[in-house]
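Protein chains in written order, with this note's numbering: chain A, 1 to 91; chain B, 92 to 419; chain C, 420 to 667.
Just so you know, the hints here were simulated from the structure itself, not pulled from any lab data. Here a beta-carbon is modelled for each residue, glycine too, at the ideal position from N, C-alpha and C. Take these hints with a grain of salt, some might be off.
[Said to hold, decoys possible] FRET-style restraints, in silico, Cβ to Cβ:
{"#": "1", "chain 1": "C", "residue 1": "P630", "chain 2": "B", "residue 2": "A414", "range": "46 to 56 Å"}
{"#": "2", "chain 1": "B", "residue 1": "Q111", "chain 2": "A", "residue 2": "V60", "range": "36 to 46 Å"}
{"#": "3", "chain 1": "C", "residue 1": "H568", "chain 2": "A", "residue 2": "V60", "range": "32 to 42 Å"}
{"#": "4", "chain 1": "C", "residue 1": "A550", "chain 2": "B", "residue 2": "D385", "range": "34 to 44 Å"}
[To be verified] Simulated crosslink set (DSBU-like; lysine-lysine; CA at most 35 Å straight-line):
{"#": "5", "chain 1": "B", "residue 1": "K124", "chain 2": "B", "residue 2": "K392"}
{"#": "6", "chain 1": "B", "residue 1": "K261", "chain 2": "C", "residue 2": "K544"}
{"#": "7", "chain 1": "B", "residue 1": "K410", "chain 2": "B", "residue 2": "K392"}
{"#": "8", "chain 1": "B", "residue 1": "K410", "chain 2": "C", "residue 2": "K547"}
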Amino acid sequence: MSSEWPLWEVFIRGQHGLNHRHVGSLHAVDAEHALRNARDVYTRRHEGLSIWVARASDIVASSPTDDGPRFAPDDARIYPHPTLRDEAGTP
Amino acid sequence: MYAQLVKTSRAKAPEEMSEQERAFQARIDRGEKIEPKEWMPEEYRRTLIRQIGQHAHSEIVGQLPEGNWITRAPTLQRKAILLAKVQDEAGHGLYLYCAAETLGISRDELIAMLHSGKMKYSSIFNYPTLTWADIGAVGWLVDGAAIMNQVPLQRCSYGPYARAMVRICKEESFHQRQGYDLISKMARGTPEQKAMAQDALNRFWYPSLMMFGPSDKESVHSAQSMAWRIKINTNDELRQKFVDQTVPQAHYLGLTVPDDKLAWNEDKRAYDFSEPDWEEFYAVVRGDGPCNRDRLGARVKAWEDGAWFRDGLAAHAAKTRGAKMAAE
Amino acid sequence: MTDDRCEYALRLGDNALILSHRLSEWCGHAPALEEDIALTNVALDLLGQAQLWLELAGAREGRSADDLAYRRDAGAFRNALLVERPNGDYGHTLMRQYLFDAWHIEALSALSRSRDAGFAEIAAKAEKEAAYHVERSAELVVALGDGTHESHARMQAALDALWPYAGELFLGDALDARLAAEGVVPAATSLRAAWDASTGAVFAQATLTPPASAFAHKGGRAGRHSEALGPLLAQMQFLQRAYPDATW
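Extracted from the complex, chain A is given alone in its bound form (with noise of 0.2 Å):
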């Protein structure tokens, strides 16, 4: 088996002129394939939408606790895939 379609964060601009809001994410190839799937998953192609996609991976994220460490880029993203492989198994 060969590696995962990347994941993809999904924005979308309503008819009404208000900001790119936060809808969802997806799994696609590339940035093309990911602006029609996002079509398909998450507007059902209603027309007058704006819809941006970016990759997961490339987001950067603030520090969640105000308290909290100063984080390494490397630490940044919002979706870490690290670690817990093992443990989620048993149901």
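Take the given structure of chain A and dock chains B and C to it, following the hints.
Showing chains B and C alone in chain A's frame:
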């Protein structure tokens, strides 16, 4: 519900907690949401992965029993409704996998655990859909039971899970109305249709009651989940609520709930009813339900047959990236 | 509506109905969750289009879209053979979709300028959907043709197998000629050049080679179908046939 057998330990008493755990519990008690990057006890994270994972698996395995009737739906309108509904379930699975992914596990890893039998999905989807009325029964009873559980989970402590639930609940209540509409059409139709509707209720009643999981009244297992607010009500509370809501609907449809002991209890202002056969429930969970092997087999087949497609798209994207970088 | 127009609407409706049905067979079994959802969107669009065309086709005789979908035998169906081809692997399904979409968008674009307002209205709505369908299926054909050795081989095999079913879409007949003369529909043959150009570009990008043979299976529009249609209808029409007095 869709995560019937997620067990945690008994709830820790405050004096057993570390400083960090006490602060975490205090946040939950204040009704704050826990977000992905924030500190959380390892057990909280693991329990959530199991619970959200089981929930997600249930959505995609749950596509199969209803999908069984898409090609036989009796009108174009019913077909469109069913197709859109089964598609929504794929969407719900997708939202939930994404919520689980915020906890540090990938979707492919979760799917691998489903396929290897390490993770479960709801027992209800191991029952067959034998007639068109079953599609109504699934909407009316199964979605009805699911809503009982999911509505409170909109207020659960983990932000991504709660937000996924908000989105899902909106669609789910719509599905339940459509299911009820379908079965009421059958219940008021020809004698054959009415017989199908009754038969569907007979077969889906107890499996629906099992969806809430075994009684946990005395159990220490769910205490921790309730303290963490990732389980809001006890299994028995939800089951009772479901029975109280559903029995009058069955009466209204002229259908008979297959339970001799079913009776209104004026003292508790609720129905008395028979327990489902828990031996059967455990057998189904173990893998010995009517459809377990078929369901899992269909999921594994779809995954394995699709590997070349997923790899093909990934390979093309990699080539395109390579070409772009070479050009720059 | 004249007989001719009803018959033509039936062709369009049956194409959409049968292809939608084939796609719906994938629901819950597609290679990825996103793809499952996306393909079902196409199935739903086509189902909606089928309803509109069949309503138009049946209106004069007072037959509903459901009557037409569920109470005709195979010989009365007017879809092209291409859309009834079994799904095969996912590559076959996508290739069939692309061959159809590339024709559909040209046909609908011309039909949206029909002198028949009923045709023009449905076609205009369907054209927007078909534009997305062909964008999607073309991109997938390119990606998979160019992807791995295996995905390339599967897409080439699909193209080889389905190519002989594409030609029927462009065969004219007397009905087609009469309606084209009235300005109601495009002549079937007139759509070929645009289709050749767009599919040629996509196949080149996909590194796929269309077979050299121009041979085309035909008969769908005259009700002479392949063996694949009967079992599809047996399943689709089962409840309506088994319980003719029931409403659902």
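Hint numbers not upheld by this structure, sorted from lowest to highest = 1, 2, 5
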